[in-house]
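Just so you know, the sequences run in chain order A and B.
Mapping the first sequence onto this note's numbering, position 382 (from 1) lands on 382, and the numbers just tick up by one.
Numbering-wise, this note's numbering comes out as the position in the second sequence, counting from 1, plus 1000.
Calculated directly from the structure, the hints in this document are not laboratory data.
These figures come from a predicted structure and were not determined experimentally.
Just so you have them, the derived chain B footprint on chain A, three or more residues with Cβ under 8 Å: (1) 43 to 52; (2) 74 to 88; (3) 95 to 109.
Every residue, glycine too, gets a C-beta built ideally from N, C-alpha and C.
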Amino acid sequence: MEVAVHNLCKAFGAVRANDDLTLRFAAGQIHGVLGENGAGKSTLMKLIAGFLRPDGGSIRFDGREASLHGPGAALRAGVGMVHQDPLDLPAFTALENLLCAAPRGAIGSRAAGRQLLSELARRLGFTVEPDAPLASLTVGQRQQLEIIRLLACGARVLILDEPTTGITAAQTRALFAALRRLAAEGNTVLFVSHKLEEVAELCDTVCVLRAGRLVGEQLPMPVPQRRLLELMFGAAVAQPTAGGAGEVRITALRSEGGLPANAGEDGTPALPGLHGSPTTERIAGEAVWQLAGVSARAGSVALRDVSLSIAAGRIVGLAGLDGSGQPILLRLLTGRMRPETGHILVNGRALSGGGSRAYRAAGIEYLPADRLNEGMIGALSLTEHFALLQNAALVDQRAAERAARAAIADYAIKATPVTPIRALSGGNQQRALLALVPPDCRGIACEQPTRGLDVASAQAIWRRLLERRLAGCAIVFASADLDELIAYSDEVLVFFAGRVSAPLHRAELSVARLAELIGGVGFGGG
Amino acid sequence: MDQVTIFLAAVLAGAAPLIFATMGETLTERAGVINLSLDGTILLAAMIAFAVALNTNSLLLGFGAAALVGALIALVLSFLSLSLRQSQTAVGFVLALLCTELSSFLGAPFVRVPGPSVPFMPIPGLASLPLIGPILFRHDLAIYASLLLVPLIWWLLFQTRTGLTLRALGERPQAAFARGVPVVPTRYLVTIVGGALVGIAGAVYSLDLKQGWSYRHTFGAGWIALAIVIFGGWRPWRVALGCYLFAALEILALRMQSVLPGVPTQVFQVAPFALMIVVLALVNLTGNPRVTRRIGSLPPGLRQPVQALVSRISAPPPAALGQPFERP
Chain A
1 MEVAVHNLCK AFGAVRANDD LTLRFAAGQI HGVLGENGAG KSTLMKLIAG FLRPDGGSIR
61 FDGREASLHG PGAALRAGVG MVHQDPLDLP AFTALENLLC AAPRGAIGSR AAGRQLLSEL
121 ARRLGFTVEP DAPLASLTVG QRQQLEIIRL LACGARVLIL DEPTTGITAA QTRALFAALR
181 RLAAEGNTVL FVSHKLEEVA ELCDTVCVLR AGRLVGEQLP MPVPQRRLLE LMFGAAVAQP
241 TAGGAGEVRI TALRSEGGLP ANAGEDGTPA LPGLHGSPTT ERIAGEAVWQ LAGVSARAGS
301 VALRDVSLSI AAGRIVGLAG LDGSGQPILL RLLTGRMRPE TGHILVNGRA LSGGGSRAYR
361 AAGIEYLPAD RLNEGMIGAL SLTEHFALLQ NAALVDQRAA ERAARAAIAD YAIKATPVTP
421 IRALSGGNQQ RALLALVPPD CRGIACEQPT RGLDVASAQA IWRRLLERRL AGCAIVFASA
481 DLDELIAYSD EVLVFFAGRV SAPLHRAELS VARLAELIGG VGFGGG
Chain B
1001 MDQVTIFLAA VLAGAAPLIF ATMGETLTER AGVINLSLDG TILLAAMIAF AVALNTNSLL
1061 LGFGAAALVG ALIALVLSFL SLSLRQSQTA VGFVLALLCT ELSSFLGAPF VRVPGPSVPF
1121 MPIPGLASLP LIGPILFRHD LAIYASLLLV PLIWWLLFQT RTGLTLRALG ERPQAAFARG
1181 VPVVPTRYLV TIVGGALVGI AGAVYSLDLK QGWSYRHTFG AGWIALAIVI FGGWRPWRVA
1241 LGCYLFAALE ILALRMQSVL PGVPTQVFQV APFALMIVVL ALVNLTGNPR VTRRIGSLPP
1301 GLRQPVQALV SRISAPPPAA LGQPFERP
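Using the sequences and the hints given, assemble the complete structure.
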């Protein structure tokens, strides 16, 4: 089915998320939709899938104008959307998810649903057990189930919003194979991403959005990556002649975007202070964290007998699938969880019994992945967050506001001192969280520090973290992005089902080696 | 007939209004709406049911009026909380107080007036079965209906597509919306049906179990019903078990009054409520991370069975309970 939009407009307050978009997605092809965070990709997709109603313009399926009053209407018209965080029901089983509110006639009975589920899964190369509780599935499997559900409900246009975030390499391969197959069968696939490499690998055409406007229309792939970067970020960012700072940015864009390091015409320099340069060795000081025989469990995952030492000025990356135990280690390191056995020393001292408060007093900070629930208080402003850090009984409003203004200037946070944190974009929230870390901190544990951020925001976060590291701070971060792990870690620990690999040093890191370990190869029988 | 069968039969009968109220509330909360007005609804519906049955001399009209009162109060709650986006708890609480006072005011002429009641109706044949007969089949229609209601609600929630959609509304309304379910209208409907069942609970009191009307005739029943729904983990069979447990406690407390005449009667009136709190705390222990950690540090031989038991007992509430739905 062909999807076309004409003069489509959608504004949120003063922000024009989609500004007079006119484009056409031909049937039987995979179309990439590129753009940095906030470019309007998701808005466009939600308009087509009926989640949002346009302020102006029209949406046409196969030339017929569609008036979509909700996602149900879009699905009846044959358009289904898989969200980045799949909109499914964790309390139900896979089969119940498939059956829930399925259109009349699409699935006759429970038995028919079960058969349809296994048949579609087999055909698409997916692995979803009908009776598995959804809460036990990985994000990748939940996504597969959503695709199966939409197809079962009669979708002929599939929209996938950042589908490769948080899924494994094998699941990505399975997903791409399935999408190619669906396109070959005449379905239309809209693939939203900011990962250039994936778009290059998968898509037949690509269109690029920037600030709500269409800046590249239906470009047949392959398109040179430099050209795509130019379109996404504007000409300035992709200009390699912009000088020192510009070069740093380009390098990171390359590694973050998954491009080979030598893709540019000129030999791009490495990031200063990285890649085994002498500074790394010089600033590696005494141990910030020492763990001896630590075991802990959270839910069904148990971390057993972990011993390691993390020195000041080191960056340690934690790799592994979701639910392999990385968050347990991060929580142990920051005092949010107590070990069942073993000892944790911070700066050579045991903070036994002390919770996160004692750890923070010792200079240990935690940047959680769930920024709004665990990291900050959505309704409070940056000023109020700085006020919270004060120790006096009365709030020194002026000092707090001064600190907030300084942080906003220093960290280029797009906010006023009184904007509620909840109103900031993901990148600005993460920068604000980082700005709240006191300057004299000794160790930072970050969970997915750049998840959901666009390339430029992710780069800005890392520039800040690297500054901290140069000041002698040890950094431990968990990430699902192998390129990020390889680009920034001095050493990487791979987690597999609660077991932790020996540290892999920078020199031995490669995507292939990491991918093997993440998949459990090389952990041995014990 | 020995003491035990009499006691069990009394428990089944005594729990009947609670069954109606808790099944209604289970439905409502499974769809993600908290109807906190239960206590007021039951009182007002009991009063209206009695007044209507007295004046029309029709029990059926009395029950119908009670259901209508419950449905109307649920409609007001739905409008204020689902359409006008006010806090469900605040609106429900205010409605509970309002309906309580309204029942006292409107019900003044009916206090201690004799009136009609649901006739005793043993089921021929079945009633003379040994043991089961006197326990199950020597009641009246309202109590038989309460016995049938539990499997009916269970079947609706867990065996039908409608139930799947209904539960989706309480677990993640955004997901239901993505599947094309009209979230707010469906929540209206479920809340109104649940409210009607709560209203019927009032009629079961005033026309059957505690015949007649007096000031604050059923005071406290609604609050205990809300607690029982939590105790039952929003699962009909367990909720029903909670109702029978509470009824048994009440009857036992009544009997103890004559056994221990030295103890003030208030102690026995309050005892079931206090015991209910203890039971609630025990059941919901599992949500406490400290308890989870304790279990984790048990010796391995003991850990497995304790963990299995705890995970059987634990019953998480519908994930979106009480949350307003915002269309994206």
